[in-house]
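Starting from the given sequences, assemble the full structure and let the hints guide the process.
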Amino acid sequence: MIALDARPKLAPKARLRVDQISGKMLLVYPERGLALNETGAEILGLCDGERRVSEIIDALATRHGSSSALADEVREFLQKLADRNLLRGIEP
Amino acid sequence: MSGAPRPYTLVAELTYRCPLRCVYCSNPVHVEKRSAELDTETWRRVLGEAAALGVVQVNFSGGEPLLRDDLEALIAEARALELYTSLITSGVPLERARLAELAKRGLDALQLSFQDDRGPEAKRIAGVEALAHKLEVAAWVRELGLPLTMNVVLQRANIERVPELVALAERLGAERLELANTTYLGWALTNRDQLVPSRAAIERARAAARAASERLRGRMEILFVLPDYHTDFPRRCMGGWAQSILLVAPDGLALPCHQARTIAGLEFENARDRPLAEIWSDSPGFRAFRGEGWMQEPCRSCERRSVDFGGCRCQAFHLLGDAAATDPACRLSPRHELVVAARERAERSPASGELIYRRAPTPR
Numbered sequence: 001m002i003a004l005d006a007r008p009k010l011a012p013k014a015r016l017r018v019d020q021i022s023g024k025m026l027l028v029y030p031e032r033g034l035a036l037n038e039t040g041a042e043i044l045g046l047c048d049g050e051r052r053v054s055e056i057i058d059a060l061a062t063r064h065g066s067s068s069a070l071a072d073e074v075r076e077f078l079q080k081l082a083d084r085n086l087l088r089g090i091e092p
Numbered sequence: 093m094s095g096a097p098r099p100y101t102l103v104a105e106l107t108y109r110c111p112l113r114c115v116y117c118s119n120p121v122h123v124e125k126r127s128a129e130l131d132t133e134t135w136r137r138v139l140g141e142a143a144a145l146g147v148v149q150v151n152f153s154g155g156e157p158l159l160r161d162d163l164e165a166l167i168a169e170a171r172a173l174e175l176y177t178s179l180i181t182s183g184v185p186l187e188r189a190r191l192a193e194l195a196k197r198g199l200d201a202l203q204l205s206f207q208d209d210r211g212p213e214a215k216r217i218a219g220v221e222a223l224a225h226k227l228e229v230a231a232w233v234r235e236l237g238l239p240l241t242m243n244v245v246l247q248r249a250n251i252e253r254v255p256e257l258v259a260l261a262e263r264l265g266a267e268r269l270e271l272a273n274t275t276y277l278g279w280a281l282t283n284r285d286q287l288v289p290s291r292a293a294i295e296r297a298r299a300a301a302r303a304a305s306e307r308l309r310g311r312m313e314i315l316f317v318l319p320d321y322h323t324d325f326p327r328r329c330m331g332g333w334a335q336s337i338l339l340v341a342p343d344g345l346a347l348p349c350h351q352a353r354t355i356a357g358l359e360f361e362n363a364r365d366r367p368l369a370e371i372w373s374d375s376p377g378f379r380a381f382r383g384e385g386w387m388q389e390p391c392r393s394c395e396r397r398s399v400d401f402g403g404c405r406c407q408a409f410h411l412l413g414d415a416a417a418t419d420p421a422c423r424l425s426p427r428h429e430l431v432v433a434a435r436e437r438a439e440r441s442p443a444s445g446e447l448i449y450r451r452a453p454t455p456r
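Note that the protein sequences, when read in sequence, are chains S and C.
Residues in the first sequence are numbered consecutively from 1, following this note's numbering.
Residues in the second sequence are numbered consecutively from 93, following this note's numbering.
Worth double-checking, as some hints may not be accurate.
[Unchecked claim] DSSO-like, lysine-lysine: derived pairs with alpha carbons at most 30 Å apart:
| # | chain 1 | residue 1 | chain 2 | residue 2 |
| --- | --- | --- | --- | --- |
| 1 | S | Lys24 | S | Lys13 |
| 2 | S | Lys80 | S | Lys9 |
| 3 | S | Lys24 | S | Lys9 |
| 4 | S | Lys24 | C | Lys196 |
| 5 | S | Lys9 | C | Lys196 |
| 6 | S | Lys24 | S | Lys80 |
| 7 | S | Lys13 | S | Lys80 |
| 8 | S | Lys13 | C | Lys196 |
[Unchecked claim] Partial pick of chain C residues on the chain S-facing surface, computed with a CB cut under 8 Å:
| # | residue |
| --- | --- |
| 9 | Arg98 |
| 10 | Tyr176 |
| 11 | Glu267 |
[Unchecked claim] Anything over 10 Å on all C-beta distances counts as not near chain C; from chain S, calculated:
| # | residue |
| --- | --- |
| 12 | Gly33 |
| 13 | Leu46 |
| 14 | Ala59 |
| 15 | Ser67 |
Keep in mind that the hints were calculated from the coordinates and are not lab data.
A virtual CB, placed ideally from N, CA and C, is assigned to each residue, including glycine.
Structural data, given as structure tokens:
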């Protein structure tokens, strides 16, 4: 699982954009795309290559209230993107 | 991505012309009649209509899209529409300066085809010498900072090369490797006896691809596509007929897939004549096999009908003459023996048999 002190940001090949049909955020990358839910879009919005994963989790907890599952959810989501080679700044 | 049918991807087949003559080419062998390629202005309009319809990705493809000298303009147009643009190319003919210009105009990604990691074997499949140039192109792609997908269509002569192909992809810095077994339509159907690999070879290739995928997780994505002739169940062709992909052919015909125009009796419309949104929702050809209403038994009551949608309509048409039949790649098809027989015939065919090289589609 992605380290808490990693400072992720989106790989240059991936682009975030608003879907004109649904209004949701889409993550598009070579020959694929992912429709993001609100939390996913919010997490990626915080991935600026400066914030650590732990800080992203804290920021979300501040906004929406802390929960025991939050940290795992964020790390699982980011790990999924990392497995698809869509994140940078995650090497230990 | 799910919900009501809506095209996320536009495949813009800019031309059927190509310097390569690959024996597995998925372009149609014949078209109804020769008609001119769309001009730049019409392609611009098509891109705009596609974006309005919800398309977020455009794959410039062909034939060889580099043969269009308005490729730069079309990439710039797509980028201005916020479309994610990929170039699906053989890399021939391409010079570094042109690639740099394409990147500057907004090209997001490039998919480069390889036939084999060995020069003579690659030439035997492509019909022309191209490997050395492709290696050069791949190096430029990385120098220019574009993400590289390496695509290899697998068939009998290269399926044992998966470890070497993975090594080549690593050396070239590819972020994605597609190892896609041949789909036996178009020129591949013409050459089927020479191309279908043995089940044992497929299993070895699959194991090698799986091991490489584990080893390279997070660095390179490896996609291994099994051949439907060997899977017992049909492939999820295009994610379902007219569900998420829209293709516009070189002459403007709007289609749900590369081969759909070869199904006799289906009526397709031209993007020159009607807006894409209307074609997508109303065109008889698009509606023909959308959803499940068209299905016959055994598909109609099959649990898997929402998984694979009855398979490939073009394959049903070309092997059985009935586009609404269950894809004979399915072991539940009453005509599955045709696929089994084709597999066995291929296994008996000599490895060095004659190949028929692709030509641009001829008018029927």
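We went through each hint and held it up to the structure:
1. Straight-line distance between C-alpha atoms of S:Lys24 and S:Lys13 comes to about 20 Å, which keeps the hinted pair within the 30 Å bound.
2. The hinted pair formed by S:Lys80 and S:Lys9 meets the criterion: a straight-line CA distance of about 14 Å does not exceed 30 Å.
3. Restraint check for S:Lys24 and S:Lys9: the C-alpha separation of about 20 Å stays at or below 30 Å, so the hint holds.
4. Taken as a hint, the S:Lys24 and C:Lys196 pair is honoured in the structure, with Cα atoms around 28 Å apart against an allowance of 30 Å.
5. A C-alpha spacing of about 23 Å is found between S:Lys9 and C:Lys196, which places the hinted pair at or below 30 Å, so the restraint holds.
6. Distance hint between S:Lys24 and S:Lys80 is fulfilled; the C-alpha atoms sit about 19 Å from each other, no more than 30 Å.
7. Between S:Lys13 and S:Lys80, the direct Cα distance comes to roughly 16 Å. Compliance with the 30 Å bound is thereby established for this hinted pair.
8. Distance restraint check for S:Lys13 and C:Lys196: the Cα-Cα separation of roughly 14 Å lies within the 30 Å cut-off, and the hinted pair is therefore satisfied.
9. Given the 8 Å rule on beta carbons, the hint for C:Arg98 holds: about 6 Å separates it from the nearest Cβ of chain S.
10. Against a cut-off of 8 Å between C-beta atoms, the interface hint on C:Tyr176 holds, since the closest Cβ of chain S lies about 4 Å away.
11. This hint holds: C:Glu267 has a C-beta 6 Å from the nearest C-beta of chain S, less than the 8 Å allowed.
12. Its closest Cβ contact with chain C, about 6 Å, brings S:Gly33 to no more than 10 Å, contrary to its assignment away from the interface.
13. Non-interface status of S:Leu46 relative to chain C is upheld: no Cβ of that chain comes within 10 Å, the nearest being about 21 Å off.
14. Look at S:Ala59: its CB is around 25 Å from the nearest CB on chain C, clear of 10 Å, so calling it non-interface holds up.
15. Non-interface status of S:Ser67 relative to chain C is upheld: no Cβ of that chain comes within 10 Å, the nearest being about 27 Å off.
Violated hints amount to a single one, hint 12; each of the other numbered hints is respected by the structure.
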